[in-house]
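Keeping their order, the protein sequence lines are chains A and B.
For the first sequence, this note's numbering gives the first residue as 1, with consecutive numbering after it.
For the second sequence, this note's numbering gives the first residue as 1001, with consecutive numbering after it.
The set of hints was computed from the structure by calculation and includes no laboratory data.
Treat the hints with care, as some may be off.
Computed cross-link-like contacts, EDC-like style, restricted to lysine to aspartate or glutamate with a CA-CA straight-line distance of at most 20 Å [stated by the list, open to error]:
#1 A/K121 <-> B/D1217
#2 A/K91 <-> B/D1169
#3 B/K1050 <-> B/E1061
One side only, chain A facing chain B, incomplete, derived with CB under 10 Å [to be verified]:
#4 V56
#5 S60
#6 Q111
The beta carbon of each residue, even a glycine, is placed where N, CA and C say it ideally should be.
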Amino acid sequence: MPEPILQIQDLNVRFKTPDGIVHAVKGATFDIAKGEVVGVVGESGSGKSQMFMAAVGLLSGNGEATGSVKFKGQELIGAPQKLLRTIRGSKASVIFQDPLTSLTPHMKVGQQIVEILTTHKNIGQADAERRALDMLELVRIPEAKRRMQQYPHELSGGMRQRVMIAMATACDPDLLIADEPTTALDVTVQAQVLEIMRDLTRELGTAIALISHDMGVIASMCDRVQVMRYGEFVEAGPVDDIFYAPRHDYTRMLLDAVPRLDQPDKPGHPVLPPIENWWERETLIDVQDVKVHFPIRMSGGLFGKTKPLKAVNGVSFELKKGETLGIVGESGCGKSTLARAVLQLVEPRQGAVVWLGKKDLMKTRGNELRKMRREFQIVFQDPLASLDPRMPIGKSIAEPLITQEPHLAASEVRDRVKDMMKRVGLDPAWINRYPHEFSGGQNQRVGIARAMIVRPQLVICDEAVSALDVSIQRQIVDLLMKLQAEFGMSMMFISHDLSVVRQISHRIMVLYLGRIVELADREEIYENPLHPYTRGLISAVPLPDPKLERSRTRIKLHGDLPSPLDSRAALTFLKSKVIDDPDAEQYVPQLVEAMPGHFVAEHDPV
Amino acid sequence: MLGYIVRRLLGAIPTLFIIVAATFFMMRLAPGGPFDGERRLPPEIERNIKAAYNLDKPVYEQFGIYVGNILTKGDFGPSFKNKDFSVSELIMLGAPVSLKLGLMAMTLAVFIGSFLGVTAALRQNTPTDYSVMSIAMVGITIPTFVTAPFLTLILGVYLGWLPVAGYGDGAARNMILPVVVLALPQIAIISRLVRGSMIEVLRSNFIRTARAKGLTDAQVVWRHALRAGLLPLVSYLGPAIAGLVTGSLVVEQIFGLPGIGRYFVQGALNRDYTLVMGVVILYATLIIVLNLIADVMYRVLDPRVRLG
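Please model the entire structure based on the sequences and the hints provided.
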């Protein structure tokens, strides 16, 4: 065994809170050796981050750590801050989850890297700047020199995280603690960031502690895995053992809950019934050429000028009764805006949304539209934030019903609410409890009950499971499928997570900068993706299967999503037709039916 | 940025016009006029006076003449009550005094208040924090007309260190007491404001990153926390400075300072139409300009803010 970098012995972390003492980490013991990548998995609240915060002395004021953490033989628990400061950032550095809030907003990114160098290395400003530039180039930031002078908010999410990596590795640390480093990023960007981290360990021999809840990321990166629950390790071992021969029930449950892009229907979970005779079914909504263009104020000139941000730019599709349409795409592709346009919740919109072949919702206004809203409901991403904190959940659930059917007697409303609570897996006795008393998964059940109480024909789930832990995510997806079998409603399921979308959707639509690039049956689109963007997207998803991950070659999509304000961006995959002027009216790629039911946007041959 | 400033200043023109018009007509609506006294003037004299000041014309015509004179000649008219003085002259006499007093008090308050606020935030929930905050609470609750005589009594009368009143042509000795009295409540407000925002900033993710980089506490506070922590202060300072420099009636009265605070009150009580109008225009302009400066400062401190 090579020399250990970090030795954690019986580490305990406790927090003093108004509700008493919380024992967040209970006697954790493990080592990380030189150059090793150790994954720490567990769901939110398992104490995985706090364990490492305690190790480097970054616990919040009410936290206390006991036990032993040795870094290269040196005891860190109880060590003076002065010693910890010489280790933090220099020999052991941290990459945090959210790169936007984790970088100082008013400081140029170059300076933030320079600062760590001048603090730990005995070098001057000029040398530090040169080194910072090298680091930015090492993490493959384009135009690194110009980026040095930019502020964090001027960079994209992926670039910010690369700045974080450059900063954390600037002093050649022996240990890199990566706390959910790619959780806030799109899959394609995640793939790029993970690759950079992998290369860095190989070149510099840095050991990595990778904290993550994503089994795919763990499988593709780690040598060893520690599984954590309620502050304790339930299982530990080489990555292949954990994935192919898990011994603990919790590990098995975690692996079972993980959605797999290559195995959509897992045994023991509801199976999506296929839609028979798609063409003969009644069409619930017919969306025709929907556009949402936001005017964006640009600087320049005395009064400034506006430029349209084409969030949704000509999307057409049909949704049949009882069908689920998955909508995937990276952040900024317009998937949420499209949902809101269909629901008539965003201005300004153009096009038509024809309801049951009769009424165009776009032309419906006022009271008539309000009455029709009972037929289409939405479930939002953040379950806690989308519930009124001052309203008992029973009242939140009842509100749409009371609005739509004001004649109902109070007792009738109560019965219907309790019935719906039972159906979504909530105890009807909780009717008077408040959202803060529940977990994220339970609150999302409340959100679903609120949407379902009026028995709508269309439910739109806007990233409805994205904020939840995998095991909870699985339960909510199962619940939605069960409800669909029961009530037969149609769904639009929006997510950036391709694996989840594949579990639940009959057909899948891939959006890129406000336009459909591919639309096909769920099997077809994963097995036979035709558009290069779809291929890149699918290839970027890490699979929770270490052997498969090691043998996989990825199709790479380079760089970040281009600015949607540049009209050339929409033709990234059809460069042959680009007019080289950012403001020009560009060619509109047509959606072609390549095979029956499989539509793909025109693109240059791959 | 320049385009933004010009745009904002152009946008201020209708605002100012509405303020001027509203004040003008509301004052005319109030009963009584500048030349109504206990003893009625003989009718022909009253007629002459009214004609001299255009008060015999319809109100909208008077308004037209007033605005016209400002725009064409920069003339804010004669004071109705202070004979032989124009409004501009009165304001030019009083404004520098109020300006000096207000700016000195605000500078003092910003430095001491920020220092106390940051100190309390860094030692959150310790005796230092509690004592700073309780003193600040006291500072907010005690009005200046209590602190002013109290301090005057001790420092001026008993100890005889400082003059009890008078402007003394702006001598430092004369300014100390009024400046301190005026600054005290501001110190209290600012220290509470800064403490609150600093505590929030110190909990934020980027401070955790800065600490994870191995920076010293001083570096973390000075480079990373302070700028973000002082942002709310900037938005507060705009209107607060405008309030202070346009004269603080109580302090100016107690210390006998020839500022413009008293013009406001005297003007309103005496129906000195033009004087009130002049002070209102000065105050409104200051508010608009200072708020603009605050917004621009905000942008300088926080590059994420987009002016548009």
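Cross-check of the supplied hints:
1. Straight-line distance between C-alpha atoms of A/K121 and B/D1217 comes to about 18 Å, which keeps the hinted pair within the 20 Å bound.
2. In summary, the hint linking A/K91 to B/D1169 is not supported, as the alpha carbons are separated by about 63 Å, beyond the 20 Å threshold.
3. Between B/K1050 and B/E1061 the alpha-carbon distance is near 14 Å, which keeps this suggested pair within the 20 Å criterion.
4. The closest approach between the C-beta of A/V56 and any C-beta of chain B is roughly 7 Å, which is under the 10 Å cut-off, so the hint is satisfied.
5. Contact between A/S60 and chain B, as hinted, is supported at the beta carbon level, the nearest pair being about 8 Å apart and thus within 10 Å.
6. Evaluation of the A/Q111 hint against chain B yields a held restraint, the C-beta minimum of about 9 Å falling below 10 Å.
When each numbered hint is compared with the structure, a violation occurs for hint 2 only.
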